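Sequential numbering from 1 applies to the sequence shown in UniProt numbering.
Don't take every hint at face value.
[To be verified] In silico BS3-like links for lysine-lysine, alpha-carbon gap of 25 angstroms or less:
1) K327 - K473
2) K479 - K327
3) K301 - K479
4) K345 - K473
5) K318 - K295
6) K121 - K440
7) K301 - K327
8) K318 - K301
9) K345 - K327
10) K401 - K384
Just so you know, these hints were derived from the structure itself, not from any lab.
Since this is a predicted model, take the numbers as computed values, not measurements.
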Amino acid sequence: MTDAGDSEIATKIYNQHGISLLDCEYKVPVVFPAARVVMSELNKEVVNLVWGRPSSGGVSASIFRRWTQGFVFSENEHTALEQFEGGPCAVIAPVQAFLLKTILFNRESSNWRHISEEEQKTALCSTLSEILESACSSPSTGFCLVSWAKGQNPHTSTHTTTQTKPQSQTQDLPEPESSQPPQEQQPTALAAEDLGFERFHSVLHKRTVGLVSDLREEMLSLYHTWRGCCGVLLFLYSVILTKGIENIRNEIQDTMEPLIDPVHGHGSQSLVNLLVTGHAVSNVWDGDRECSGMKLHGIHKQASVGFLTLMESLRYCKVGAFLKSPKFPIWILGSETHLSVFFTKEMSLVGPESPSEQARRVFQSFDPEDNGFIPESLLEDVMKALDLVSEPEYVSLVKSKLDPESLGIILLGPFLLEFFPDQDSGIPDSFPVYHYNGLKQSNHNERVEYVEGTALVLGFEDPMVRTDDTPVKRCLQTKWPYIELLWTTDRSPSLN
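Build out the structure end to end from the sequences listed, making use of the hints.
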């Protein structure tokens, strides 16, 4: 029998590790289940990677609270996720983009805006599984799922210290409360008041799933966990451990920069890229570049969903073709502080690159500052890159035609007209588009709903229609320089 002091020690260890010593022989060493020990060992590394190394102030309660929501569907838009405060858009927006891909292109029903609760469950879990599969560095390592330790779900009763049944290998199975939908588990989006940063990290449970088929079943069983308190963080941690902490560090440009800014709560570009492409690189250009002898990693293959940023219109960066031209017509839009999603069902927007589009891309590669022109000395190089006739006499003739005033520059528009006149891109004259912003306060009437509109993608000649000059349009113009947008609402949708 144990005395009162031993009982107190045993209770303390149970609270920390989910193991009861009260059923163990006195003074017999305790062997913790592997999953629990691994999670305990990884906690510090995960926290440092996500939130940064501890400082005097640590992570503020207000910043952490912003991230304690789950994946909650809007009451007004059945296929849209709602974001309650600034910060978690770095996870919610990529998940929303993949969710739309699942709903728009993997379902037979045309009524994509009105789906049942069961369809919401299937679509969300399928989406989360797809992102985890993309992040998995090696199939042999399996997939890691992070959820609540048994009895620690903040939507269930407070954990007890009087339980005497030892935790066994069932730690590696789904917790009963995660697979059941009792009333107290319906997501309220924010954590219980007593769930702070430290306690959250002390009640996590990690298990490994080996097969993709098993992963999808497990994701479905954890549906109420993803929707409930801290579901966004639990999924993020699952992605990180599935990818591997060391693999992420090898891809991030600055390993001292956390995935979440502990001061402002915003997610980094590495975090967005991890969810969109499966690689936590810090840049948005195609391939790798060298700068002062240091290799800077970019995107290495076409993404399923795209990414455009307002920062490119301000010339702070340039997004490469792998993100600008994804497999599906869905783009995450980045502003200075927020992420939203622009999408359409028009697949011709992501069709094979036309000769004129290729010519535009090659021309612009010789115009890194986006001036819209190149020095005439580079014309021969551009023509060679496009496999055009590039004999010196012919190049000289083209120069005199494209630069009749001898200014020494070649403009993009006349160049395309000369070699690719009347080039049909295959894109319709107009097509319906939608914009998603998960923040209520950024939506009309503070209801999270898609903003509908009509897009016109014109040629490089002067457009006949001139609409607004808003941030969302300037962001889209980094992909379609002459796009025009007509929204059904009184005001243009907000990027912030």
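Hint by hint, here is what the structure shows:
1. Pair hint K327 plus K473 holds up; C-alpha atoms about 22 angstroms apart against a cutoff of 25 angstroms.
2. About 15 angstroms separates the Cα atoms of K479 and K327, which keeps this hinted pair within 25 angstroms; it holds.
3. Taken as a hint, the K301 and K479 pair is honoured in the structure, with Cα atoms around 18 angstroms apart against an allowance of 25 angstroms.
4. Restraint check for K345 and K473: the C-alpha separation of about 19 angstroms stays at or below 25 angstroms, so the hint holds.
5. Of the pairs offered as hints, the one joining K318 and K295 holds, with about 17 angstroms between alpha carbons and a cut-off of 25 angstroms not exceeded.
6. Simply put, K121 and K440 have alpha-carbon atoms about 22 angstroms apart, close enough for the 25 angstroms limit, and the pair holds.
7. At most 25 angstroms may separate the alpha-carbon atoms for a hinted pair to count; K301 and K327 meet this at roughly 11 angstroms.
8. A distance of roughly 16 angstroms separates the Cα atoms of K318 and K301; the hinted pair therefore holds under the 25 angstroms criterion.
9. For a cut-off of 25 angstroms, the pair hint linking K345 to K327 stands: about 12 angstroms separates their Cα positions.
10. Restraint check for K401 and K384: the C-alpha separation of about 18 angstroms stays at or below 25 angstroms, so the hint holds.
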